[in-house]
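Residue-level listing of the chains:
Protein chains: 2
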Amino acid sequence: MAYARARTLTIEAIEASGKKITVYGWVRLRRDHGKLIFLDIRDRTGIIQAVVNPKVSQEAYKTAQTLRAEDVVEIAGKVNKRPESAVKAELETGTIELEASSIEIISKAETLPFDMGANELNLELPTLLDYRSIALRHPKIAAIFKIQETITGSFRNTLKKEGFTEIFVPTIVPSATEGGAEVFPLDYYDKKAYLAQSPQLYKQIMVSIYERVFTIAHAYRAEPSITTRHLSEYLSLDVEFGFIDNFEELMDMAEKIVVNLLKDVEEKNKKELSLFGANIPKIKSKIPKMKMREAQDLVFKMTGVDHRSEPDLDPSDEKELCKWANEKYGAPFVFVTHYPTSKRPFYTMPDSSNPEYTLSFDMLGFTEEWITGGQRINDYNMLVENMKKRKINPSLFEIYLQAFKYGMPPEGGFAMGLERITKDLLGLLNIREASLFPRDMERVDERLSKSEK
Amino acid sequence: MAYARARTLTIEAIEASGKKITVYGWVRLRRDHGKLIFLDIRDRTGIIQAVVNPKVSQEAYKTAQTLRAEDVVEIAGKVNKRPESAVKAELETGTIELEASSIEIISKAETLPFDMGANELNLELPTLLDYRSIALRHPKIAAIFKIQETITGSFRNTLKKEGFTEIFVPTIVPSATEGGAEVFPLDYYDKKAYLAQSPQLYKQIMVSIYERVFTIAHAYRAEPSITTRHLSEYLSLDVEFGFIDNFEELMDMAEKIVVNLLKDVEEKNKKELSLFGANIPKIKSKIPKMKMREAQDLVFKMTGVDHRSEPDLDPSDEKELCKWANEKYGAPFVFVTHYPTSKRPFYTMPDSSNPEYTLSFDMLGFTEEWITGGQRINDYNMLVENMKKRKINPSLFEIYLQAFKYGMPPEGGFAMGLERITKDLLGLLNIREASLFPRDMERVDERLSKSEK
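So the protein sequences, as listed, match chains A and B. Mapping the first sequence onto the numbering used here, position 31 (from 1) lands on 27, and the numbers just tick up by one. Mapping the second sequence onto the numbering used here, position 314 (from 1) lands on 310, and the numbers just tick up by one.
Bound-form chain A, shown alone (with noise of 0.2 angstroms):
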């Protein structure tokens, strides 16, 4: 094909008023009223909406009664300038419209198996999935995939200006990394091998190599949930740095990112938030920073609930937690640190004070963990020795153990998952709806029981 005419994006149409411009895009909408064709095109910077007359042009009139949503098309025209009474605030080209002078149909689409012009999608999850590619068009679903983008840019900036190297780590590994069985075996030629679970293991080799590093990397979790809370395949936003003074620093580095990425979202991405109604909240203080076991005694005291003689936080507590931070502090996020030893990973510092208790901690975000981190054991003889206490081979892990042998600084980092924040931030009920193309037990892109077939 050869476009006859220059293209004018919808969002430049605003300023082309009483000019005639050509726009190409996606019919998200067609609605006849008596004589008139109004249709909403969508291209990639907005929506448009063009007004077809027969008066104007028989033949555009007569193309456009064939069209039906998604159909590509090229539409000439002239673009008017609203009445006050016809402007559409809630639309970014809402104070004009383009007057069809001429229609081309470049795709054709088929009829929708649901109606897509309505401003929510009311499906269920497993529709919403088995129709992945068309879902994915409706706006209010792509807005959510434009937040992301905006998550990870500020990540990144934010600690490219703090130093940081960004870095491309292995995500097939000899072995289960963070331990565990819940891994997924690989058929790597005539052996095995696995996924990541994390880029742990190499992001703290690289700060031997450049200090401070982060990636964004993709992690796998063999974990046989089918939870709303859980993806087999996710995005790790991770971050590790040597030549820590302490431990608060790590929570200080999180902190930065945090209020950064909040900042940055609310700013970039006005127009995706409002299709949410979702208001981001704002860091006024410093996140507050308590113990786990300060945790579980404050959660005893609100809620009588007592889990104070237990190993770890539970969702509930967490949920409490957020909800006294949002309180008390104007923001649902809060530190809570030094966990059991026995569950944490097999890096992790120990507090010297009290080796039952880690050096570790998790930023809890609206009603859950949103980071998780620590300082990590930097000293060669304490890491095999903690490898051995906890059934660990160290011999599976002589690429990772040389970094400790030959020199390596007091260290920590955190990790971050790009889909639960996303989640948080729009007040989706399902993590899935934040992954572009979610897998889990049950699917991988089709429903697995039915590739079966």
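These are computed hints drawn from the structure, not numbers from a lab. It is possible that some hints are incorrect.
A pair holds if it fits inside one copy or across any two, identical chains being indistinguishable in the list.
[What the hints assert, rightly or not] In silico lysine to any residue, SDA-like type, Cα no more than 25 angstroms apart, as pairs: (1) K384 - E106; (2) K188 - L432; (3) K266 - R340; (4) K15 - V301; (5) K315 - L117.
Dock chain B against the given chain A, drawing on the hints supplied.
Relative to the frame of chain A, chain B by itself:
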């Protein structure tokens, strides 16, 4: 630990002449010169020379005598200007040195298995990889991945300016993306899944959502090959966009990315490039274009080697063509277009004027393929027919096909491998050197034969 004094980065020491500072880093080198000990200290910003004089501090001198390469230290001292004759031009901090008044060992290193002090690390690749975590600390090896960071950053910046959205697509897929058997199978719960050979199908789907998308994605190739050109896991820089007016637009975008990338590496990585004596070529005029059959003719004319009836270019042809472009246009880049339909994947758009050939292209760079791409089939029926012709079962690709069934504009895109570009820019001999932790048939960190034991 708690640091006694605020840290000065080695690069900041340049501006601290006459002042007392404390630096933290790794001992890169110790040289004993009679009554003085010289230490090269490496941190994330560079290297500084510390002079340890027993007349300044007997204690620091004693500690310095025990230091080994890669020990992590804290050194306090006064920054002195070097006498003119002792200025080291090749070192950013070469005009100053640090007169050590105290040295603390933060983390002790074992004796290195090889000398890391020289400018070159003359080791065989297997040794480099057996000791990967140490070898990466060598400034010349560490430089490789700083350049990769520039490449990915440049790629992202160019595309963001062109209205592209960054996306993250899955790497666990239901079937072989590009056809062929060279795919890693995965135990996915009680089913089979595969590792993505490329983000191809997903980026195409995403054109119907954002029109213009890019992704930096891990891709996996199970080729049973141990050539210097092949990695089992690599990073693919992928671009896809819709509403293309013609096939040429794709090459224009690819060229824009490469021009910016070369400029950015040249500007931002002077220090790293100098370690390799690498000269970045400048693209002075438009990159030349020719059809594959013309390219074969040209090679025949230049060399007498007749590959004119071959269905694809040979590696030796690619080398010749790059040499030709370099001589004629001053840069070793050339677009070769219209590869035979039989040699391109099912989604490639045939040339309507001769459907034996496709609207595909490779951009050859240096000596080999840098970028591969083309226009895609955007018509649903044509796509399904093409799959059937190639014995690909369309019912395995329902989510993909949805994108075309419901309106898809003319579109295309391309992909480039990060490691290959890095290798060529720096003149590395083996692509494994351009991967932090390379995966191949024989190795996943450890040699696979070894991990059997």
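Do the hints match the structure? See the list:
no.	hint	verdict
1	K384 - E106	between (61 angstroms within a copy, 21 angstroms between copies)
2	K188 - L432	between (29 angstroms within a copy, 21 angstroms between copies)
3	K266 - R340	neither (38 angstroms within a copy, 43 angstroms between copies)
4	K15 - V301	neither (67 angstroms within a copy, 58 angstroms between copies)
5	K315 - L117	neither (29 angstroms within a copy, 53 angstroms between copies)
Of the numbered hints stated above, those contradicted by the structure are hints 3, 4 and 5, listed in ascending order.
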